[in-house]
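> Here is what each chain is made of, one letter per residue.
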Amino acid sequence: KAGVTQTPRYLIKTRGQQVTLSCSPISGHRSVSWYQQTPGQGLQFLFEYFSETQRNKGNFPGRFSGRQFSNSRSEMNVSTLELGDSALYLCASSPSVGKLGNEQFFGPGTRLTVL
Amino acid sequence: GDSVTQMEGPVTLSEEAFLTINCTYTATGYPSLFWYVQYPGEGLQLLLKATKADDKGSNKGFEATYRKETTSFHLEKGSVQVSDSAVYFCARVNSGGYQKVTFGIGTKLQVIP
Numbered sequence: 001k002a003g004v005t006q007t008p009r010y011l012i013k014t015r016g017q018q019v020t021l022s023c024s025p026i027s028g029h030r031s032v033s034w035y036q037q038t039p040g041q042g043l044q045f046l047f048e049y050f051s052e053t054q055r056n057k058g059n060f061p062g063r064f065s066g067r068q069f070s071n072s073r074s075e076m077n078v079s080t081l082e083l084g085d086s087a088l089y090l091c092a093s094s095p096s097v098g099k100l101g102n103e104q105f106f107g108p109g110t111r112l113t114v115l
Numbered sequence: 001g002d003s004v005t006q007m008e009g010p011v012t013l014s015e016e017a018f019l020t021i022n023c024t025y026t027a028t029g030y031p032s033l034f035w036y037v038q039y040p041g042e043g044l045q046l047l048l049k050a051t052k053a054d055d056k057g058s059n060k061g062f063e064a065t066y067r068k069e070t071t072s073f074h075l076e077k078g079s080v081q082v083s084d085s086a087v088y089f090c091a092r093v094n095s096g097g098y099q100k101v102t103f104g105i106g107t108k109l110q111v112i113p
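Just so you know, the protein sequences line up as chains P and B, in that order.
With this note's numbering applied, the first sequence has no gaps in its numbers, which climb one by one up to 115 at the end.
With this note's numbering applied, the second sequence has no gaps in its numbers, which climb one by one up to 113 at the end.
Honestly, I wouldn't trust all of these hints.
What the hints assert, rightly or not - Cβ-Cβ distance ranges computed for the label pairs, FRET-style:
| # | chain 1 | residue 1 | chain 2 | residue 2 | range |
| --- | --- | --- | --- | --- | --- |
| 1 | B | Glu-16 | P | Lys-13 | 22 to 32 Å |
| 2 | P | Gly-84 | B | Thr-26 | 19 to 29 Å |
| 3 | B | Ser-3 | P | Gly-62 | 22 to 32 Å |
| 4 | P | Phe-69 | B | Thr-70 | 37 to 47 Å |
| 5 | P | Ser-51 | B | Tyr-30 | 22 to 32 Å |
| 6 | P | Pro-61 | B | Gly-1 | 31 to 41 Å |
| 7 | P | Asn-59 | B | Thr-28 | 16 to 26 Å |
| 8 | B | Gln-110 | P | Arg-9 | 16 to 26 Å |
| 9 | P | Gln-54 | B | Thr-26 | 23 to 33 Å |
| 10 | B | Tyr-30 | P | Gly-40 | 28 to 38 Å |
| 11 | B | Glu-15 | P | Ser-70 | 48 to 58 Å |
To be verified - Think about it this way: if two alpha-carbon atoms lie no more than 25 Å apart in a straight line, the pair counts; the simulated DMTMM-like pairs of lysine to aspartate or glutamate are:
| # | chain 1 | residue 1 | chain 2 | residue 2 |
| --- | --- | --- | --- | --- |
| 12 | B | Lys-108 | P | Glu-103 |
| 13 | B | Lys-52 | B | Glu-15 |
| 14 | P | Lys-13 | P | Glu-75 |
| 15 | P | Lys-13 | P | Glu-103 |
| 16 | B | Lys-60 | P | Glu-103 |
| 17 | B | Lys-52 | B | Glu-63 |
| 18 | B | Lys-108 | B | Asp-2 |
| 19 | B | Lys-56 | B | Glu-16 |
| 20 | B | Lys-108 | B | Glu-76 |
| 21 | B | Lys-100 | B | Glu-15 |
| 22 | P | Lys-13 | B | Glu-42 |
| 23 | B | Lys-108 | B | Asp-84 |
| 24 | B | Lys-77 | B | Glu-15 |
| 25 | B | Lys-77 | B | Glu-42 |
| 26 | B | Lys-100 | P | Glu-52 |
| 27 | B | Lys-77 | B | Glu-63 |
| 28 | B | Lys-77 | P | Glu-103 |
| 29 | B | Lys-100 | B | Asp-55 |
| 30 | B | Lys-68 | P | Glu-103 |
| 31 | B | Lys-68 | B | Asp-54 |
| 32 | B | Lys-52 | P | Glu-75 |
| 33 | P | Lys-57 | B | Asp-2 |
| 34 | B | Lys-77 | B | Asp-55 |
| 35 | B | Lys-77 | B | Glu-8 |
| 36 | B | Lys-68 | B | Asp-55 |
| 37 | B | Lys-56 | P | Glu-75 |
| 38 | B | Lys-56 | B | Asp-2 |
| 39 | B | Lys-108 | P | Glu-52 |
| 40 | B | Lys-100 | P | Glu-75 |
Keep in mind that the hints were calculated from the coordinates and are not lab data.
Ideal placement from N, C-alpha and C gives every residue a C-beta, glycine not left out.
Please model the entire structure based on the sequences and the hints provided.
This is the structure we're talking about:
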């Protein structure tokens, strides 16, 4: 089974631009979560989608948004980029919700650099 | 709210030394507990997990026991190798309903030959 894939792996943008990151979960997984990882803040939860519905959202400004498609693929968008948005963005998928001990499977991440 | 407290690194050990990375969690509900590992340039991967009190998770020589009385899930390994150098994350997941995942800050381990 193929793992979680994220594209692109690396991105360089300038302040004020917008960016879209893509995540393809493991086949059959319906839950997709996004995280921002920075050296100072660790892993910060962005949002989680299940069956095309956003189920929960972290404490990020409205510039950060996402969506999930009917095939469970997910995208996240960041508008009006700021220098502080430079980070590794990780996507994780899970087979279902409500199951005890449900683990998350992570992709390799997209490294975003904002200049 | 839910939280995971993890010792901050970096932790530097010599090869074959004993490793302990402390982790404590908030006891709201009956969480499942996880240790994830992140090798350089990669995403996180599950190392081990435990879903109820007194469960012991183990994998690749690493162990952690779900201690409800001390709300702890410390990671241990008897003899570390250079290849264990990575960042280790402790995490909790609520049981039932919406399973919110909360990660610790991560502990960087460096093993020197």
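> Run every hint past the structure and note whether it holds.
Status of the hints after comparison with the structure:
no. : hint                             : verdict
1   : B:Glu-16 to P:Lys-13: 22 to 32 Å : 45 Å, violated
2   : P:Gly-84 to B:Thr-26: 19 to 29 Å : 28 Å, holds
3   : B:Ser-3 to P:Gly-62: 22 to 32 Å  : 25 Å, holds
4   : P:Phe-69 to B:Thr-70: 37 to 47 Å : 44 Å, holds
5   : P:Ser-51 to B:Tyr-30: 22 to 32 Å : 25 Å, holds
6   : P:Pro-61 to B:Gly-1: 31 to 41 Å  : 20 Å, violated
7   : P:Asn-59 to B:Thr-28: 16 to 26 Å : 18 Å, holds
8   : B:Gln-110 to P:Arg-9: 16 to 26 Å : 25 Å, holds
9   : P:Gln-54 to B:Thr-26: 23 to 33 Å : 24 Å, holds
10  : B:Tyr-30 to P:Gly-40: 28 to 38 Å : 32 Å, holds
11  : B:Glu-15 to P:Ser-70: 48 to 58 Å : 50 Å, holds
12  : B:Lys-108 to P:Glu-103           : 22 Å, holds
13  : B:Lys-52 to B:Glu-15             : 32 Å, violated
14  : P:Lys-13 to P:Glu-75             : 17 Å, holds
15  : P:Lys-13 to P:Glu-103            : 33 Å, violated
16  : B:Lys-60 to P:Glu-103            : 18 Å, holds
17  : B:Lys-52 to B:Glu-63             : 15 Å, holds
18  : B:Lys-108 to B:Asp-2             : 23 Å, holds
19  : B:Lys-56 to B:Glu-16             : 22 Å, holds
20  : B:Lys-108 to B:Glu-76            : 14 Å, holds
21  : B:Lys-100 to B:Glu-15            : 36 Å, violated
22  : P:Lys-13 to B:Glu-42             : 22 Å, holds
23  : B:Lys-108 to B:Asp-84            : 10 Å, holds
24  : B:Lys-77 to B:Glu-15             : 12 Å, holds
25  : B:Lys-77 to B:Glu-42             : 22 Å, holds
26  : B:Lys-100 to P:Glu-52            : 17 Å, holds
27  : B:Lys-77 to B:Glu-63             : 6 Å, holds
28  : B:Lys-77 to P:Glu-103            : 22 Å, holds
29  : B:Lys-100 to B:Asp-55            : 21 Å, holds
30  : B:Lys-68 to P:Glu-103            : 20 Å, holds
31  : B:Lys-68 to B:Asp-54             : 7 Å, holds
32  : B:Lys-52 to P:Glu-75             : 34 Å, violated
33  : P:Lys-57 to B:Asp-2              : 15 Å, holds
34  : B:Lys-77 to B:Asp-55             : 17 Å, holds
35  : B:Lys-77 to B:Glu-8              : 18 Å, holds
36  : B:Lys-68 to B:Asp-55             : 10 Å, holds
37  : B:Lys-56 to P:Glu-75             : 36 Å, violated
38  : B:Lys-56 to B:Asp-2              : 22 Å, holds
39  : B:Lys-108 to P:Glu-52            : 35 Å, violated
40  : B:Lys-100 to P:Glu-75            : 20 Å, holds
In summary, the numbered hints that this structure violates are 1, 6, 13, 15, 21, 32, 37 and 39.
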